[in-house]
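Chemist: Residues per chain, in single letters:
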Amino acid sequence: MSEAPSPALNGDERIKTRSRFREALIRPELGGIVGTAVVFTLFLLFASDSGMFNSQGIMNWSQVSAQFMIIAVGACLLMIAGEFDLSVGSMIGFAGMMIAIFSVTLGWPVWLAIIVTFALALAIGALNGFIVVRTGLPSFIVTLAFLFILRGFTIYFPQTIERKTIIGGVKDAAEGDWLAPLFGGKIFTGLFQWMGDAGIIAVFERGTRQGQPVVDGVPMLIIWALVLVVLGHILLTKTRFGNWIFAAGGDAQSARYTGVPVNRVKILMFMTTAFCATVFATCQVMEFGSAGADRGLLKEFEAIIAVVIGGALLTGGYGSVIGAALGALIFGVVQQGLFFAGVESSLFRVFLGVILLFAVILNTYIRRMITGER
Amino acid sequence: MSSNHNPIIEMKGIEKHFGSVIALAGVSLKVYPGECHCLLGDNGAGKSTFIKTMSGVHKPTKGEIHFEGKPLNFERPRDAIAAGISTVYQDLAMIPLMSVSRNFFMGNEPLRKFGLIKLFDHEHANRVTLEEMRKMGINLRGPDQAVGTLSGGERQTVAIARAVHFGAKVLILDEPTSALGVRQTANVLATIDKVRKQGIAVVFITHNVRHAMAVGDQFTVLNRGKTLGTAKRGDITPEELQDMMAGGQELVALEGSLGGTV
Chain D
1 MSEAPSPALN
11 GDERIKTRSR
21 FREALIRPEL
31 GGIVGTAVVF
41 TLFLLFASDS
51 GMFNSQGIMN
61 WSQVSAQFMI
71 IAVGACLLMI
81 AGEFDLSVGS
91 MIGFAGMMIA
101 IFSVTLGWPV
111 WLAIIVTFAL
121 ALAIGALNGF
131 IVVRTGLPSF
141 IVTLAFLFIL
151 RGFTIYFPQT
161 IERKTIIGGV
171 KDAAEGDWLA
181 PLFGGKIFTG
191 LFQWMGDAGI
201 IAVFERGTRQ
211 GQPVVDGVPM
221 LIIWALVLVV
231 LGHILLTKTR
241 FGNWIFAAGG
251 DAQSARYTGV
261 PVNRVKILMF
271 MTTAFCATVF
281 ATCQVMEFGS
291 AGADRGLLKE
301 FEAIIAVVIG
311 GALLTGGYGS
321 VIGAALGALI
331 FGVVQQGLFF
341 AGVESSLFRV
351 FLGVILLFAV
361 ILNTYIRRMI
371 TGER
Chain P
375 MSSNHNPIIE
385 MKGIEKHFGS
395 VIALAGVSLK
405 VYPGECHCLL
415 GDNGAGKSTF
425 IKTMSGVHKP
435 TKGEIHFEGK
445 PLNFERPRDA
455 IAAGISTVYQ
465 DLAMIPLMSV
475 SRNFFMGNEP
485 LRKFGLIKLF
495 DHEHANRVTL
505 EEMRKMGINL
515 RGPDQAVGTL
525 SGGERQTVAI
535 ARAVHFGAKV
545 LILDEPTSAL
555 GVRQTANVLA
565 TIDKVRKQGI
575 AVVFITHNVR
585 HAMAVGDQFT
595 VLNRGKTLGT
605 AKRGDITPEE
615 LQDMMAGGQE
625 LVALEGSLGG
635 TV
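Chains as they are written, first to last, in this note's numbering: chain D, 1 to 374; chain P, 375 to 636.
Okay, chain P solo, but in the shape it has when bound (with noise of 0.2 angstroms):
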């Protein structure tokens, strides 16, 4: 394992244009393994447009990823995801009315020779789920129980289990947390500290501060398609960033040039 002075992951003034809209105006970040990185923004600041290009989804107009020490180049999400960079997306995590190991398994299903054809080998996939789970603290019916049947906060967990399983370096979740009920919420955020002592890096995008306060090692603000820079956990107060994030003066300026009609 790398130390953990090494960044597994460093982008480096990061630029993203779509047409004559500046989406990120270079933007700079290290991740470290081991270590829960807050992205934090609110709505708009370029939260995820950052992330998909993390993740292969967007082509950054201009700037540097350096995965491992070496210059990266994606030219699709699978091309982020075969190196080791996963990302968990909110809504598009689980399919419903799949079973849990079906979904577990999507895209990676085990094979089993059965003579010249090769079947889904559900034994394997079934009992895999099941151990899986409940190393995250989720106990099954059954591993053919459907992922509707599981609340927000369960998927999100069937999902990170699922990243950390095929070998996720780098897990980005966006935004688990917003759609999440306070305990629904505690339990998602106990699964990334778990996450994290195994020594994987984890990109926590949030616009609530006090989510990422508990979690988090670093902290980074993006306010319009740029950073405020990068605090460590304790040299930061969460209304300091709370503050960052609305956009401090520019917000009280705002606030003058309206005449208080707002």
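Excised from the complex, chain D in its bound form (with noise of 0.2 angstroms):
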């Protein structure tokens, strides 16, 4: 036990001392913790011969991880600020197509497509959150009006213009553009070569490609995972602006009254899932060299899940990015692992559901834990 409080520093004798273990379990990381360690432990020890942790099979679930960690982020901070966003996944959809239409269709340079659209999608998320805060109606139902609106478009636009849904060619487009390797480029080549060399990863071993390494670098898709990881981490915790979204989410009319912008941090925490959705969106165009107007469907309730398992309040006001970037995680090397694995992929989607209610039944308890309230 820890040693008896001294009577000067204890003002109330029924306080009790909390253990260590009731201490961390309040931290809302800890069921992401707990969670990628299981999920690791796990495909360690049932599928460490399948390939997925050879250079391949990393690359192929970091990628995976890192799109939803992308979305995650933003979907985070706006749950913690009080709102969701439902329109994430059309606004992928949308985002591509538009990235797409305008650098191919309207054969503007790419990095002029990039810029625009992604000036539109934030102007789109500024208008949710205009909408919801003007209105005070619950974002929920906003959103859920954005994600037909948007979805909408992305499927006339192409229709109209190209008498087609999916719009290729912009890997052409994109030949050279000083912007879009930002998106759909590689970095650390030279050190995936080196690997390769040394014999620390696999190479090709015949064709034109003979001596150089199947994984030959890391996409900028993971980089901008892991960069708004630690930015949204650092904006939430460490600076004034974080102790805002905390104050919008967890009670508005208390937050006013002191004098947060709570409008102001609402909207612009939309524009930051807009924002994240457009990183995707221009990740995935440039990678697959086309847009295509089913893209990122359900993609906002996988994001929802992800900031969920990594112990956010739906109600708002609490949460971490850095849980939510493990929940990111542990959906990416499930939903791969499952598949080197050799188990049937429609198992992911009862996993998931599986997951996600014991994620919202500890996160309920947990905040109960918090508040005091029985």
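None of these hints come from the bench; they were simulated from the model. Hints are not guaranteed to be accurate.
Claimed, not checked - Residues on chain D that point at chain P, a partial pick, calculated with CB under 8 angstroms:
| id | residue |
| --- | --- |
| 1 | Lys186 |
| 2 | Ile187 |
| 3 | Lys238 |
| 4 | Thr239 |
| 5 | Gly250 |
| 6 | Ala255 |
| 7 | Tyr257 |
| 8 | Gly259 |
| 9 | Ile370 |
| 10 | Thr371 |
For each residue, glycine too, the CB sits at the ideal point set by N, CA and C.
Assembling the complex is the task here: the two chains are given apart, and the hints tell you how they should meet.
Modeler: Okay, here's the thing in structure tokens:
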């Protein structure tokens, strides 16, 4: 047990000293950390010989996890600020389609297409936020409307302009562009070549790329994910604005009374989710070289699930970007791991539902512990 | 410091109309530094409207507000806070999921330069929070303890300490004791006493005469949007206050007209 509290310091003898265990339990990241440990242990035990942990395997689930992470960061900050964005998936499709239309159909330079698309997405995010704070309607409804509006346009534009729902040729358009590699490029290629030469990672045995490593660099997608997670974490925990995000989601009225610009915070967070969705979309379009009208389907829910697994409360005011990133990692590792382990992939959805339920129950319990409600 | 004979805030003939409803029909009040001014009244008497006028939430339809001798016009609550008028609302003081120190500095976050960017100075915030809480007689487990684990009285105390720390000259407390138990109420009343002794003017809104009598220096009773006068401590008995709040003869007349059906 801990030492007896000194009477001078202890005003209320009824406050029990909490154990280290309980102290650790109220960290929002806990669920994410435990989940990550469990998931890695299981797959290391049962799927280590399936190629999941060689260079291609690691790159495979890292990339999928990074995709989830990018949208989870935005969704996490917004959820802590007390709102949802259900239009994330549609925004991914919409932003990707806009880049393709601007660069391929209209023949703009790719850098301009990307910048205009980002501006457009941020404006739509701001509009989402503006409608929510002005009308006081639940963000659930407002962004549900935008889920349909944006998806509708994403199908309508290519249909009427090109008579198809997939626009390709972005790769050719992006050739030599200065901004495109920031989303579609790879870095540390020298390091990977060296690792291939040194025999640490696999290289192609034959063909035109003989001697080159199979995994030839870290895609910018992963760099974006890591940068967004780090920036999001610093913003939330280490800045004044982070305190405002917690306050806006914890109790908007109380926050207003102490002078926190709640509306501005919420609108900026809606813009952040739109930004993250557009980063996702740009990376995807640059990688595939095309934009499809069905891209990003259901991504909004996957982002929210990752955030909840990461310990954030659906009601706002509590959560962690690191937790959300771990939630995204669990997500990616399990989705790809089941594939490597040869398990029927539809079971992934079962797993998702079960883990979501567990996460929400755990979070509710933790919330009660923090606020002392019964 | 201004002498005790000059009011720090003076409200003259404040009227507030909401459409056809007259919420305040000419209320006047003087609040002196270092004194606790109790504003009493039954539900619907206009207490909330009055303090919201004082704290800049509402603009008066008619009447003047003088703060430190100068006429004032608040456009937003922020103006009142900047001038040194802080309001602690009953249920809206604190955010339960956030730590005490994050709550304490909410809207007034201390910043520390870190290269080109400015970061929340948690070290400073934690130190000041613990110190201020100790002054008010609350010993926290740690500055990162969530406000949700504090009792209602402690939350009010944190809110009061926060207002005082950030330079409140007038502290308006909106029914701080109405939802509290006996012991917690005593704590809050003790806090009010400490704050008053620091030379801060306290406006204490309550409908509990006993709570008012415990700490009040002056008593103003509001009834149906009108003030029934201000009394000094010792000039009035609790029974008289209670009578004035209930509306005195009006209540008797009402009882008569209802013919004993209630």
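Chemist: Going by Cβ atoms only, is glycine 250 (chain D) closer than 8 angstroms to chain P?
Modeler: 4 angstroms, holds
Chemist: Let's test the interface hint: is any C-beta of chain P closer than 8 angstroms to that of isoleucine 370 (chain D)?
Modeler: 5 angstroms, holds
Chemist: Measuring from the C-beta of tyrosine 257 (chain D) to each C-beta in chain P, is the shortest one below 8 angstroms?
Modeler: 6 angstroms, holds
Chemist: Answer holds if the nearest beta-carbon of chain P is closer than 8 angstroms to that of lysine 186 (chain D); otherwise answer violated.
Modeler: For lysine 186 (chain D), the interface hint is violated, since the closest Cβ of chain P sits about 29 angstroms away, which is over 8 angstroms.
Chemist: Can you verify the interface hint for threonine 371 (chain D): is its Cβ closer than 8 angstroms to any Cβ in chain P?
Modeler: 3 angstroms, holds
Chemist: Return the status of the interface hint for lysine 238 (chain D): holds when the least beta-carbon distance to chain P is below 8 angstroms, violated otherwise.
Modeler: 5 angstroms, holds
Chemist: Report holds or violated for the interface hint on threonine 239 (chain D), using the least CB-CB distance to chain P and a cut-off of 8 angstroms.
Modeler: 5 angstroms, holds
Chemist: Taking 8 angstroms as the limit, does the beta-carbon of glycine 259 (chain D) come near enough to a beta-carbon in chain P?
Modeler: Given a least distance of 4 angstroms, the restraint on glycine 259 (chain D) holds.
Chemist: Was the hint right that alanine 255 (chain D) lines chain P, CB cutoff 8 angstroms?
Modeler: 7 angstroms, holds
Chemist: Under the criterion of a CB-CB separation shorter than 8 angstroms, is isoleucine 187 (chain D) in contact with chain P as hinted?
Modeler: 24 angstroms, violated
In this structure, the hints that do not hold are numbers 1 and 2, in rising order.
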